[in-house]
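Number of protein chains: 2
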Amino acid sequence: MKSSLLDELIDALRCLPGVGPKSAQRMALHLLERDRPGGERLAAVLQDAMARIGHCKVCRTLTEHELCRVCADPGRQRDVLCVVETPADVLAVEQATGFRGQYHVLLGHLSPLDGIGPEELGLDRLETRLDQGEIREVILATSTTAEGEVTAHYIGELARARGIRSTRIAHGVPLGGELEYVDRGTLSHAFEGRREY
Amino acid sequence: MKSSLLDELIDALRCLPGVGPKSAQRMALHLLERDRPGGERLAAVLQDAMARIGHCKVCRTLTEHELCRVCADPGRQRDVLCVVETPADVLAVEQATGFRGQYHVLLGHLSPLDGIGPEELGLDRLETRLDQGEIREVILATSTTAEGEVTAHYIGELARARGIRSTRIAHGVPLGGELEYVDRGTLSHAFEGRREY
Ligand SMILES: [Zn+2]
Ligand SMILES: [Zn+2]
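So the sequence lines, in the order shown, correspond to chains D and E. Here the numbering used here is used: position 140 in the first sequence is 140, and no number is missing along the way. Residues are numbered in the numbering used here as their position in the second sequence, beginning at 1, plus a constant of 1000.
Chain D with its partners taken away, still in its complex shape (with noise of 0.2 Å):
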């Protein structure tokens, strides 16, 4: 039997991480009986999002300009430069901690059993920015995963080369832990404690 748009919906709404067939179905009633203006808003933000939002050519976090907030802001120090594995950690940094500085999203980590080395992370663009002279620090906000720890030792090395300081978030961030679910007190106090790397 042809599937109704009902269950079209109902299937669609399955994309969303941690949404399941029941989730699903209760979202999509709720939309149809409660709420289509706010069904129809999230409809065109969603296609205008997947259609303009790419990455800020210079730290390669989510923007649908060509520069991302950061980036474009004249206010924000230049001499510090954050580096994170995801735009979600910088979403992160932005909402917990009172850093004003750049930032670096690597968009992953070293990982070479997966195949994943330096040129595969980009590191180039990253190594180009280091060149350029205006960075005095370099903090290493990488996850406190193994992968987090070796890609952040490797971009330490690249520091040192060209005689940047760099330094590494406190331990105060649970081992293993992923930046993006760190509650917002102990990342704050894991950049307050950062030390030279």
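Derived Cβ-Cβ restraints for the label pairs, each shown as a range:
id	chain 1	residue 1	chain 2	residue 2	range
1	E	1075	D	48	39 to 45 Å
2	D	94	E	1100	52 to 58 Å
3	E	1193	D	48	50 to 56 Å
4	E	1167	D	48	49 to 55 Å
5	E	1018	D	94	23 to 29 Å
6	E	1115	D	189	53 to 59 Å
7	E	1014	D	116	30 to 36 Å
8	D	21	E	1185	27 to 33 Å
9	D	74	E	1007	17 to 23 Å
10	D	119	E	1020	35 to 41 Å
To be clear, the hints were calculated from the coordinates, so they are not data collected in a lab. Quick reminder that beta carbons are idealized off the backbone N, C-alpha and C, glycines included.
Given chain D, work out where chain E with the ligands should sit, using these hints.
Relative to chain D, chain E with the ligands alone:
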């Protein structure tokens, strides 16, 4: 500061039930970083569903056609009518039982205190269906709340006045339920509704 398209997407996702700021952010980043085709499909289906899904002109459940799948199916029994409160209840009955008859969806329940009487609930439509003479049994599958009971009673009287049999779904201990944890009202009903074994 003008909000970014990512902020707008996170905000728009919050129209979904049970989705707070943290999960909305997680959903937005997941779609943007890992499932753009899923996000594009969701946007298209959502737009289509909000624009085209209305109510079946016979039973009032949700459908994009004039008649829903059940009402349009010539293979279903035409002499049994199951009365429920919401389209979600139709899905629940279809998924859980072997019921192969017709439905009538009230889209609510009688609630005199809120000014919802038989007229506001469109019970004239139901009376018209009962008057057509095809229906021989009305299954009262409204909720087992106070309003649901009042509604079931009222519709039972409409059936009785036309010489149509009406039945009420059994109240009792949920399957797999331990007696100790069942509320008193349910247990009391389960006792009253006991049958030969
Ligand atoms: Zn940027
Ligand atoms: Zn119908």
